[in-house]
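Listed below, chain by chain, are the residues.
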Amino acid sequence: MSSSRTLSDHDDSSFFDYLLHRRPDLVPGNRDWNGTANPLWDPNRPHQIPQPPHGTTVLALKYREGVVIAGDRRATEGFQIAGRQMEKVFKIDGYSAMAIAGTAGPAIEMVKLFQTELEHYEKLEGVQLSYEGKANKLGQMIKANLPMVFHGLIVIPIYVGYDHRRRDGRIFKYDITGGRYEESEYHAIGSGGKDARSTMREHYRKNLSEDETLKLALLSLYNAAEEDVGTGGPDLIRGIYPTAKVVNATGITDVEDQRVAMLYAELIAERKQEG
Amino acid sequence: MPLPYYVSPEQMMQDKAEYAKKGISKGRSIIAVEYADGILLVADNPSASLYKISEIYDSIAFSGAGKYSEFENLRKAGIRHADLKGFMYSREDVTARSLANGYSQTLGTIFSQELKPLEVEILVAEVGQTGRPNELYRISFDGSIFDERGYAVIGGRSEALQGYLKEHYKAEGLTLKAGLALCSAALENITNQKLPLEGLEIATLERNRVGRKFRRILPAESRQILT
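If you read the sequences in order, they're chains A and B.
First residue of the first sequence? That's 0 in numbering that gives the first Met the number 0, and the numbers climb one at a time after it.
First residue of the second sequence? That's 0 in numbering that gives the first Met the number 0, and the numbers climb one at a time after it.
Okay, chain B solo, but in the shape it has when bound (with noise of 0.2 Å):
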């Protein structure tokens, strides 16, 4: 019998990062920012049924960017913890926070214990009822878990996203079309690209909606909104 090659277990975790690190870069990037009326969400997506942005539950929304079979295997993850919860209590027991540690233990589990790492980002949305704050949370391939404030962003080019977004940011009653212009100018920025209206993926989280507050916004619209 031949005897296993030793890696430390130091080299072997770098490794993994190394590598769920650059399965993650080759993808594009999504945008959450905070508006005054909710939350918006915006992915470069040219493909039009394939979605990075999810509903999971009345106030809380998922996206995932990476490996599409990957994070699509987390979506529906998610969207059961999160019916079970809510049949099995009630529809106001069912959080985002709860969701976010599910995901992180599960992302956690797979980075350390399996063999391939997950080459995923996720990030959970809910948005505020009642007075209560938003919530952003973006969970990593090896399961860190960052409770974010105003925006964030997850996928390939996301540190250059961060930076421009940390310069134009501004949280003060910022509109719904103010949100989208500063998204779209944001993903054109690192692109170096005219993005069409067509090739991005909105949705937002509406505080003022009655039950169910995901709601997909399509070219048509968000040309009506931006003009």
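Next comes chain A alone, as it looks inside the complex (with noise of 0.2 Å):
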């Protein structure tokens, strides 16, 4: 608390600066592993080390009133099945929700520092960041990510929300050095994006209700799942059911698993008629 502290020194409200300052070994993507390289890795024989965990197939569509966001629930490790009921899909704060692809282990990491530091930013200058400034900052902790993504340890989001400014949702995707574009209608990623894209390209439209946003939503999955082996399709011996939020003007909610199992049971039903 020393008197020579100038401004400079005093509007510093990133958690993430603080982060990098104080305990930089905390922040992800800033190991330092150039110069002593991992012995286990070989770029050229990336299978010899176990792999990490990956999440697969996330989308997200904009609807009538905001957007809605889902993933499957799978998780990978090379073929092999790693997880069955991994969640992907986080809230991020009170009008914003994120949905992840690639390493899952830095994916969440990501998350869990992209929360706090929004929290952070809330509390010490009494506001919350815009939808904008929001979004700019995942894009710098993205690019802060970016000397894992040459040790393959990849992680990509969308990152959707409720722009009260607007008055809209908006749904942004990046790529793996911080870039960051703006979708008008919707967007997938991971294994099994692709696949989830050519459905919804099929089936979107504008002003679509949050039931038929959903219904669409959870078919692109089920599409994804019959085209990836790394997308999870609905899981009816389980229980297990892909899992989705709504982002809207009073905030964001969970679609209980009810609904989820109920729309999918149509789907189901819709698909054995036609066949």
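Note that these hints are calculated values from the structure, not bench results.
Some hints could be false.
As the list claims (entries may be wrong) - The calculated DSSO-like cross-link candidates involving lysine-lysine, where the alpha carbons are at most 27 Å apart (straight line), are:
#: 1; chain 1: B; residue 1: 84; chain 2: A; residue 2: 90
#: 2; chain 1: B; residue 1: 176; chain 2: B; residue 2: 193
#: 3; chain 1: B; residue 1: 20; chain 2: B; residue 2: 75
#: 4; chain 1: A; residue 1: 90; chain 2: B; residue 2: 75
#: 5; chain 1: B; residue 1: 84; chain 2: A; residue 2: 136
#: 6; chain 1: B; residue 1: 75; chain 2: A; residue 2: 111
#: 7; chain 1: B; residue 1: 66; chain 2: B; residue 2: 115
#: 8; chain 1: A; residue 1: 142; chain 2: B; residue 2: 84
#: 9; chain 1: A; residue 1: 111; chain 2: B; residue 2: 84
#: 10; chain 1: B; residue 1: 75; chain 2: A; residue 2: 136
Using the supplied hints, reconstruct the complex from the two chains, each of which is provided in its own coordinate frame.
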């Protein structure tokens, strides 16, 4: 608390920057692995080290009042199934959510850091960041993870939220360098992302209702699971279904398992009739 | 080279304490009371944007009296401490006790080592979960820490306020309405004037809220609560 501090020492409301300064070892992607490269890692033979779990397909669609974001539950380790109940859609704050594809460990770490970052800012400043501000901050965090990408630990999210200034839901996708791109209708990423996108392209219309959008989200995941080994479909035996959240002006709501199960029952009945 | 004047340590501490007390006594007061569903914090604060009460973590609130720039710094340091701890370990590992200890250390060190002591008094409150009692810590300018029960007061007229609360505070089944009425009556009693609700900064830590328990109560709502 010395007297020589100026405004620039005081205007730091970022938890990420604080962590970088105080505990760089806790910042995702900031581990100094260069030079003393991981002895187990050989880019020519990546299969030699055990693969960390990967999350697979997640997607988001805009609808009349906001955004629906959903993801399957499967985690894979190479050709093995690492988990059947993985949660890939996370609430970040009262009005935004994030879904992740890629290496599960660093991705979940990034979610936790991003949640803390936004809450930290809100508490220090007394107001929330704008949606645009939140999306930019996430881009910077993904950029900081870039060194890890060269070790095969890739984290790619979709970030959705309700923008109070524009009174609209918004979808942002990212690339590994932290590049940030807005999608105006829908997007899907992960191993089954392409398959999910082709379903959405076929059926998406502007101003869908919440029910219609949710149904389309689930159908897209279902189709992705049919085409892609990495994506898990509804597991009727164990009762494990994809998870979804709805973000609109009133906040975030989790879609209950029961509602998802019912929509899947409808979908499957339709398929049987067609077949 | 001129010889430095000799000042006895006793004299120096006494002077510093006097200086700090003088600074704090100029400020307005803040009251925290335990009520049935949590903790209520009320500050005599005419500004609607420069807060004296604020959220630190899920169930922890902070308030500071005295010099704004100094307790604002302490508030920010507290949020950083809490968020770092919650990020490193788990949300439930962030406690008011550890935070209050940190403040006590900081204030104590500054009081004994720096030329100018901080002119602040700090209150850290934590609402108890799952049957655990609430915690109220008051930390004064020299780092001494007090564990309070039922109610706590910091700021300018704290002795008079404590006297008033000792007489009128009843822990049993105190509702939010009764608590708010008590605090506003106490503040009016010592200032000898009617305080409009706009001049009070009010916040609660509500035990039954999901997630973050801290909530600001704006004048419109406080009027509703009191009627």
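Hints broken by the structure, by number, lowest first?
-> Per hint list: zero violations.
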